[in-house]
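Take a look at the letters that make up each chain.
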Amino acid sequence: MAKTYVSATINGEQTEFLCETQQTLLDVLRDVVGLTGSKEGCASGDCGACSVILNDRLVCSCLVLGVEANDAKITTIEGIAQGDKLHPVQQKFLEHAALQCGFCTPGLIVASKALLDENPNPTETEARYWLAGNLCRCTGYDKIIRAVMDAAAEMRGETVG
Amino acid sequence: MSSLSYAAPTSVDEAVKLLAGASGLAKVLSGGTDLLVQLRSGRVKPDLIVDTKKIPGLIGIREDNGSYIIGAATPGAEVEAHAGLKAAWPGLVEALDLIGSTQVQGRCSLAGNLCNASPAADSVPALYAAAATVVVVGPNGRREVPVEQIPVGPGRTSLAKDEFILEFRLPPRPARSSDAYLRFIPRTEMDIAVVGCGVSVTLDGNGVCTAARVALGAVAPTVILVQAAADALIGHTLDADTLAKLDAAAQDAAKPISDKRGTIEYRTKVAGVLARRTAGIAFDRAQGLKNGKAH
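Chains as they are written, first to last, in the working numbering: chain W, 275 to 435; chain R, 65 to 359.
Watch out, some of these pointers could steer you wrong.
[Said to hold, decoys possible] Here are a few chain R residues that sit away from chain W, every Cβ distance over 12 Å (derived from the structure):
#	residue
1	Leu-100
2	Ser-105
3	Arg-126
4	Thr-166
5	Val-168
6	Arg-220
7	Pro-250
8	Gly-271
9	Glu-329
[What the hints assert, rightly or not] Think about it this way: if two alpha-carbon atoms lie no more than 25 Å apart in a straight line, the pair counts; the simulated BS3-like pairs of lysine-lysine are:
#	chain 1	residue 1	chain 2	residue 2
10	R	Lys-117	W	Lys-277
11	W	Lys-347	R	Lys-117
12	W	Lys-277	R	Lys-118
13	W	Lys-277	W	Lys-347
[Stated by the list, open to error] Computed beta-carbon distance windows for the label pairs:
#	chain 1	residue 1	chain 2	residue 2	range
14	W	Cys-375	R	Arg-207	31 to 39 Å
15	R	Thr-301	W	Cys-375	56 to 64 Å
16	W	Glu-287	R	Pro-120	23 to 31 Å
17	W	Glu-290	R	Lys-81	26 to 34 Å
18	R	Lys-81	W	Asp-345	20 to 28 Å
19	R	Met-254	W	Leu-292	33 to 41 Å
20	R	Ser-131	W	Asp-345	30 to 38 Å
21	R	Arg-251	W	Cys-375	22 to 30 Å
22	R	Lys-150	W	Arg-402	16 to 24 Å
23	R	Pro-120	W	Asp-330	14 to 22 Å
24	W	Glu-290	R	Thr-327	38 to 46 Å
25	R	Tyr-330	W	Gln-365	43 to 51 Å
26	W	Asp-358	R	Gly-352	50 to 58 Å
Rather than coming from a laboratory, the hints here were simulated on the basis of the structure. A quick note: this is a predicted structure, and the numbers were derived from the prediction, not measured. Backbone N, C-alpha and C fix where the C-beta goes; we use that ideal spot for every residue, glycine too.
Isolated chain W (complex conformation) (with noise of 0.2 Å):
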């Protein structure tokens, strides 16, 4: 059977990849790509870790199929950061340590950059509640929030003590 060509933006920058229809949009990105940053826990859109932007949703990489990816616009944990200088989120869950083993910290990032992109001011609990499907096996999550506020706070110019 033939593969599919797809084109995409994938962290601004037009990409074209051929692949198989039972590939998924993780597969594609970390064995087409090269972009591994985003992680497999699952496979079944339970754990997070493949979290990527797809056309402005948070979405689960492993729950999208490679091919209906052409003509769509991603974001992974690679274009996160620009160029040299981290996103506030990624610099917070340095300064809090909110990693530990590091495997779900990507899905993380992306998905409390989403949250920050629709919602500059959230709760603690609306915080917690989009971040539900992001599942941390190490920190008991405490300083991911903690992270995600106090990065919350930087981006509206707020200083925290």
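Fit chain R to the supplied structure of chain W, relying on the hints for placement.
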């Protein structure tokens, strides 16, 4: 395992032709949050996937003389963000919003939830309660049918191989009407209903119910519309006597199985409790009283 084809038609006719002409199993793809999991596990082995999202009208929400029309593949996040729809049908919007995570909401759709035909599907009791209809398209054109005619058993629908759902239609809302959906789960998020209940009511100026529909999920092979529960509400205010009759009617209609989520006895009891609580929210809303979300 590389014989799987994919097509993303840009018209209804083209999609119907692809489905009708498929030599093996063809699956209709909306958001894919169920289908991709089934593909991965090998539970379904299609030869063709027909992605409906490029067909005009499949994504989007519009209003037509008081009716809301929701494209079959419109993602949950887009439905949740629609202020007018949320004001008219808060219960339906909350029910769809309860499905999965933020990531799943970016993709999951009413058509997917209905056609996956799980008895525990969250949006489906709310659709039944709303008296929603679906426009089904196929080789003989289009037909409009009540949502409750689509699921026929766990994982099975009444749709023919070459048919799919184009859109959902919600009827115009009379004054003092509202709806609610509650599900019971043992945690606060990201779970599947032990029991779900959707209620839609219209009241008169004295708080007496003039029209009602009550649906239960996860207590039968399909979601069920419970006429006896609606009858317990119609003609009455929501007083203790009405609530007791509603509870009894819901328990009587519940024919659940025992599984890891709950026993027959437990689910039956919860069906009565949820019917009372859900009706309480729907009545409050119909009277313009504030009543918050389930979580």
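Violated hints, by number in ascending order, as checked against the structure: 1, 2, 4, 5, 14, 24
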